[in-house]
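Let the hints inform the model, and build the full structure from the sequences given.
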Amino acid sequence: MNSYALTNPLIKQLNKDPADFTREDFLKLIVENNVDHITFHYTAIDGKLKELKLPVSTRKQVERILADGERVDGSSLFKGIVDSSLSDLYVVPVYKTAFLNPFQKGSLDFICRYLDREGNRAPFTLDNILHKASELFTRNTGLQLYAFGELEFYLLSDPKTNIFPAKKQNSYQASAPFVKTSEIVTEMMRYITQISGAVKYAHSEAGFINSVRSDLDEIRGKTAEQLEIEYLPTPIEETGDHLVLGRWIIRNVAYRHNCVATFAPKIEEGIAGNGLHIHSALMKDGKNIMVNEQGKLSENARRLIGGLCYYADTLTAFGNTVSAAYLRLVPNQEAPTRVSWSDSNRSAMIRVPLGWVEVSHLAAELNPQQKTGYQDSEGRQTVELRSPD
Numbered sequence: 016m017n018s019y020a021l022t023n024p025l026i027k028q029l030n031k032d033p034a035d036f037t038r039e040d041f042l043k044l045i046v047e048n049n050v051d052h053i054t055f056h057y058t059a060i061d062g063k064l065k066e067l068k069l070p071v072s073t074r075k076q077v078e079r080i081l082a083d084g085e086r087v088d089g090s091s092l093f094k095g096i097v098d099s100s101l102s103d104l105y106v107v108p109v110y111k112t113a114f115l116n117p118f119q120k121g122s123l124d125f126i127c128r129y130l131d132r133e134g135n136r137a138p139f140t141l142d143n144i145l146h147k148a149s150e151l152f153t154r155n156t157g158l159q160l161y162a163f164g165e166l167e168f169y170l171l172s173d174p175k176t177n178i179f180p181a182k183k184q185n186s187y188q189a190s191a192p193f194v195k196t197s198e199i200v201t202e203m204m205r206y207i208t209q210i211s212g213a214v215k216y217a218h219s220e221a222g223f224i225n226s227v228r229s230d231l232d233e234i235r236g237k238t239a240e241q242l243e244i245e246y247l248p249t250p251i252e253e254t255g256d257h258l259v260l261g262r263w264i265i266r267n268v269a270y271r272h273n274c275v276a277t278f279a280p281k282i283e284e285g286i287a288g289n290g291l292h293i294h295s296a297l298m299k300d301g302k303n304i305m306v307n308e309q310g311k312l313s314e315n316a317r318r319l320i321g322g323l324c325y326y327a328d329t330l331t332a333f334g335n336t337v338s339a340a341y342l343r344l345v346p347n348q349e350a351p352t353r354v355s356w357s358d359s360n361r362s363a364m365i366r367v368p369l370g371w372v373e374v375s376h377l378a379a380e381l382n383p384q385q386k387t388g389y390q391d392s393e394g395r396q397t398v399e400l401r402s403p404d
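Count along the sequence shown from 1, then add 15; that gives the number in this note's numbering.
Please keep in mind that the hints were generated in silico from the structure rather than gathered at the bench. Fair warning: this is a prediction, and the values are worked out from it, not measured in the lab. Be aware that one or more of the hints could be misleading.
Derived pair list, reagent style DSBU-like, types lysine-lysine, alpha-carbon separation capped at 35 angstroms [stated by the list, open to error]:
1) Lys183 <-> Lys120
2) Lys43 <-> Lys65
3) Lys237 <-> Lys175
4) Lys183 <-> Lys68
5) Lys183 <-> Lys27
6) Lys311 <-> Lys63
Label-pair ranges, simulated between beta-carbon atoms [as the list claims (entries may be wrong)]:
7) Asn155 <-> Asp88: 31 to 37 angstroms
8) Lys27 <-> Arg74: 22 to 28 angstroms
9) Asn382 <-> Ser190: 46 to 52 angstroms
10) Tyr325 <-> Lys111: 30 to 36 angstroms
11) Gln309 <-> Gln385: 24 to 30 angstroms
Note that CB positions come from ideal geometry on N, CA and C, so glycine has one too.
Right under this line is the structure:
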């Protein structure tokens, strides 16, 4: 397999696709990499990644861990949903999600799924609800739903210098030295790419606060720069894992640089808030079917848009769960303000971004020395839901 600088190290070492990872691969890898513990990760009701550390001492122990997972307290992870009298759940690793923890040497990590006492997927957990919805969608339509997210966040740090100051609402895709945290977001991008293999790009966003006003000692007076890491399309279940894992990585890298990363929808009036824009694409037989032969939105794509508009209130209930979210959804703040869809309007709830539909191999226009052609056979058109945060 071809490997690049940010290819997952496990793919390089095992020389196989993650979908083909087996328990035998990990038993060999644990010895070769001197792995001393396994870390299980799973998402709780609060949307944050939880973890369980399992020391490695014998082959028998490792085989048991990888084959049957471990037991956790569901009543603590899903407060108000799981009763303490019947609280036990299994967390079982998904082999294709394996990665070497960039923050803890000697840790082999996995994303896990929740199973009940009968060995079935627990029906109330966030990951399994998404799995069920994806299954039903494909069963009823014959299509696959792909998606990716845009993780917007503010990085708060101690003021270092007034040289090359950023301007209010004017930092979109700014470069160093006007952006002071460029090296930090690059580190975040590297780790997320190595683990997920699904990052499109990272850049600074419009928001900038010279001195944060807050009652919280840990952020008062900090400089806040808004940043974004955007993903590539993946099957919807993988998208959920990527976003939760991405937030975990962002917070950890920030902490190691003595910074605070916040995904709060709004931290100061008059300054752009943080959204969690979700792009969706309909796929069939590995190809994007969002446009028809005439280069226009397909009937299925329009149905997708119509469904998002129809369920706008429900999407808002689940996608905007704190009061600060509604301080973000105001005019002229890089946020939607109406239930509508548009080809490019960023004030619409649903936007249809440029998708390389009518053009191909754009670089040939600027680089006449390039003689070989290029054709993207998969398609890249998406629709963007801009309301969640």
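Hint check:
1. Lys183 <-> Lys120: violated (40 angstroms)
2. Lys43 <-> Lys65: holds (26 angstroms)
3. Lys237 <-> Lys175: holds (10 angstroms)
4. Lys183 <-> Lys68: Answer violated: Lys183 to Lys68 is near 43 angstroms, above 35 angstroms.
5. Lys183 <-> Lys27: Not satisfied, since the Cα-Cα distance of roughly 44 angstroms exceeds 35 angstroms.
6. Lys311 <-> Lys63: violated (39 angstroms)
7. Asn155 <-> Asp88: 31 to 37 angstroms: At 36 angstroms between Cβs, range holds.
8. Lys27 <-> Arg74: 22 to 28 angstroms: Once the Cβ atoms are compared, 24 angstroms apart, the range 22 to 28 angstroms for Arg74 and Lys27 holds.
9. Asn382 <-> Ser190: 46 to 52 angstroms: With a Cβ separation near 23 angstroms, Asn382 and Ser190 fall outside 46 to 52 angstroms, so the hint is violated.
10. Tyr325 <-> Lys111: 30 to 36 angstroms: holds (34 angstroms)
11. Gln309 <-> Gln385: 24 to 30 angstroms: This hint holds: roughly 29 angstroms between Cβ atoms.
Hints 1, 4, 5, 6 and 9, counting from the list given before, are not met by this structure.
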